[in-house]
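Each chain is listed here by its residues.
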Amino acid sequence: MAKELEIIKTTSDALALNRPIEDDRELTTLNLGPTHPATHGVFQNVLKMDGDKIVSGVQTVGYIHRAFEKIAERRPFYQITTLTDRLNYCSSPINNFGWHMTVEKLLNVEVPKRAQYIRVILMELARISDHLICNSILGVDTGAYSGFLYLFQEREKIYEIYEEICGARLTTNMGRVGGMERDLSPTALAKIDDLIRNSFPKALAEFEKLMNRNRIFMDRTINVGGITAERAMNYGFTGPNLRATGVDYDVRAMEPYSSYEDFDFEIPVGHNGDTYDRYMVRNAEMWESLKIIRQAMDNLPEGPYFANENHYYLPPKKEVYRSMEALIYHFKIIMGEIEAPIGEVYHAVEGGNGELGFYLVSDGGRTPYRLHFRRPCFIYYQAYSEMIEGLTISDAVAIMSSLNVIAGELDA
Amino acid sequence: MSHFGPKITELEEPFGLLTFSASAEDIIPILEYLNQNDRLRFKFLTDIAGIHFPDSKGKEFGVIYHLHGFENAVRLRIKVYLPKEKPEIPTASKLYASANWMERETFDFYGIKFIGHPNLTRILNMDDMDYHPMRKEYPLEDGTREDKIDALFGR
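Chains as they are written, first to last, in my numbering: chain A, 47 to 458; chain B, 10 to 164.
Extracted from the complex, chain B is given alone in its bound form (with noise of 0.2 angstroms):
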């Protein structure tokens, strides 16, 4: 953790699992050091994914990378927010193979792009589809509804 120093901020521990925020620019140099250190070995990219917080500002979107050590048994949480003016982030499929389909399927719900990516296209939905449907001006609860508002449940 040393060797990033002031890089690394918010660390916490939420639920046992060690988390942490990076900007865009170093989050490769982390991966590939967390990858390649012979005492970290945080081979194994579990999983990414993209969340939209649409009221703070500069942050709006965020890539959460999740990262396990097999032999330490460690799993580790890296966030990296990006604003939505540029939601750029380079891509983690040089170095870890599985990251290519999860960052398309980011890209496909966020609009996050990854760059230097292989074949960033949408995947789970139609490629003609013009909006990233995860984000949240896009809500599927019915706005015009009355009956479910926060005053109705004593909030």
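So here's chain A without its partners, still in its complex pose (with noise of 0.2 angstroms):
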């Protein structure tokens, strides 16, 4: 018997012979965003359909582009931290304390370790927020409203933390150059201690019991969106979109800064990179998070709460009214007439959604020659149409979420 011919009469079987699509006449052009509740943020997603299978995509992003390479160009050092804090908006304070630890490492500025460890417990709250957020947006996306409704609550708790600590709740403006502006309150401290003690952990445990392994929620999520360890790599993929391939790579690990040399922690690696193992990851972490912020406050330092430097370090009000000193330096720094070497440094923190770098070039001024952000939100988002190519709009939708992507981290 003579072979039979395949004949292609649809995209559709285009697709499942694995076969290029000759003639799109049949698709359907689908804007995913800019505004569209599953985006969280302003971007697009212009989708080529073939009923409900995604043929390809493209990401349109700059809709929130805001300059803030620009802008930085002209501040002064201190300044900057105001326009990190709209990068990542969910774990502001990572931002906040990246850049300044870049700049102490220009000014070449030891950092004593009671503010070291205040930054660490504050870092690990912002990065417990950030996955808090992106894992309870999770199941909203994937259809269970509960969970977020559940954790919303601890992330409020961590919200008036950072109120009791700076004031602002989102845009943070944390710490110094130098150290922290004040040192952590009793409140401050009772608060975290509650948190990490008592009401966290059981919500989490609450969440995960109710996630975890939920039939639907696995069906929705496991073996979708799943990238191999090699293009996620290629893709420059950071953070836990990266661990959950199975690459164990964390800056707070590789490059410890801020004494995370000092703690005891594990990094939760996934291995298929699909959407579950991300959401399993970025659990792992909060769980790893807050044994790190026990043992912080557990070991948590005496001794002063910010660096030893007049030049860079605001000298404390009550001085600047009496000490002639004092109230040239106060001069000197708010002007932003500080003495910065000439040089370049890069900088990278782990960030909730990884790699935060820092590439700042100083030529000696009062204000930065060049200073890059390195994005993880924008370095791996280009991976969105490889990953979405061939699945439905509710599996997209699960792995935008799952990829955690913020639009001012991703604009700038």
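Note that these hints are calculated values from the structure, not bench results.
Be aware that one or more of the hints could be misleading.
[Claimed, not checked] Below, computed lysine to any residue pairings styled on SDA-like, alpha-carbon distance capped at 20 angstroms:
{"no.": "1", "chain 1": "A", "residue 1": "K378", "chain 2": "B", "residue 2": "A160"}
{"no.": "2", "chain 1": "B", "residue 1": "K52", "chain 2": "A", "residue 2": "T274"}
{"no.": "3", "chain 1": "B", "residue 1": "K52", "chain 2": "A", "residue 2": "N280"}
{"no.": "4", "chain 1": "A", "residue 1": "K94", "chain 2": "B", "residue 2": "K52"}
{"no.": "5", "chain 1": "A", "residue 1": "K203", "chain 2": "A", "residue 2": "P247"}
{"no.": "6", "chain 1": "B", "residue 1": "K103", "chain 2": "A", "residue 2": "P247"}
{"no.": "7", "chain 1": "A", "residue 1": "K116", "chain 2": "B", "residue 2": "M138"}
As the structure is a computational prediction, the values presented were derived from the model and not from experiment.
Combine the two chains into a complex, taking the hints into account.
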């Protein structure tokens, strides 16, 4: 019998047979975004659809581009902290401290242990709040609303801690170059203690019980949007998204900053790199963050919370009113007249979404000559169109949610 | 390093990060070698950033690559300087998929052309913008202000 010829009638057949689509008149163009409930921010995906299947997608970004790198070129170092808040606004303290550490590296400022530990506590709280948002919203996007409600109560508590420490909730502008602007107050310590020992572990355990082995959730996420480790590295993935593929790269362990080498914690990894693995890695990381905060709280060193560097760290307000020297330093620092050396420095911290890098070129002036933010979202979001090919819209939404693309970080 | 010898210049290590310069013709062979050599294995492209030095003749534009070898935990910075008459450099996006958007961003801000790039269009700014905003000829500071001149700060 003669071999039957395979006749491609529709584009679906072409997809099923893994053939190139020659005629795209049949395809529908669908805009996912710029404002769509699933994007959690402002960015667009133009999808070519064949029925319910995605044939190809093109991402458009830049809707909330605010020219941070250009603005940074006229601002003194301490004023750039407010720009970093608005990168990944789900974990602003990490961005703030990352920037401070970059400047400290350039100025060669040694920060006392207490300030480093306070930074670690706050950065881990920020990581928890970042992962909380990502995981609970992934639940919402796959149809489970209640987990979101349980966890946002805990995020609210973390925001209250921020408020106690710096007065702000979202755009924190926390810390200073050379340490913290003030010590942890007894109220802040009590609130952190209550969060990590009483309320949060319970809520997270409850959330895990609700989601981890949930049949519907597993069906929606396992083997959806998987990516191999090689592909992920080629696409510049970092953070939980890279670790979900099985690569144990974590800046905290690889190049410890701010005394991370003092703490005992594990780096959870997945192996499929799919949506479920990303979810599980983030969940496990929250437990590790809790472990780090507990250790930091138990061993919080005594001593000053800022570096003894008059040239860079603002003197206490009381002294500014009384002593001439303090007044001069106050004026010089506020005007940005610190003596920055000429040089270039790259500093990376482990942000909520991956390696957040600051490339700073200083020409010795009051402002950076060039400042480049390595924004993890911007780099790994490129892979999205490859990840969604051949899947359905509902899968694409779950993948986008689990990648945790934050528009502020995407567009700078 | 000895593999490329004289093609690598200005070798230094500011703040513990090995840095060197290369020319636009050599950059892709160097990246390929660093990526594919079994001992070096710089499989990860951390970052591409552009920079503009309007006063340095023949080296007005710079493209700065940050590479990372996970196995050896080594970072590397490569700088390529380009003249303003011909700000062109071959694309690294065939080697590193992540370079695609980073190069588009650099093109968007500095107008540096990446030869062979699959889709070299603006990424963050509007398509109908007719200048490259990160160049130094577009200052943010109001040029008419006189209260912030260097003399007032003892410089």
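Original post:
Does the structure break any of the earlier hints, and which numbers would those be?
Top reply: Per hint list: 4 and 6 violated.
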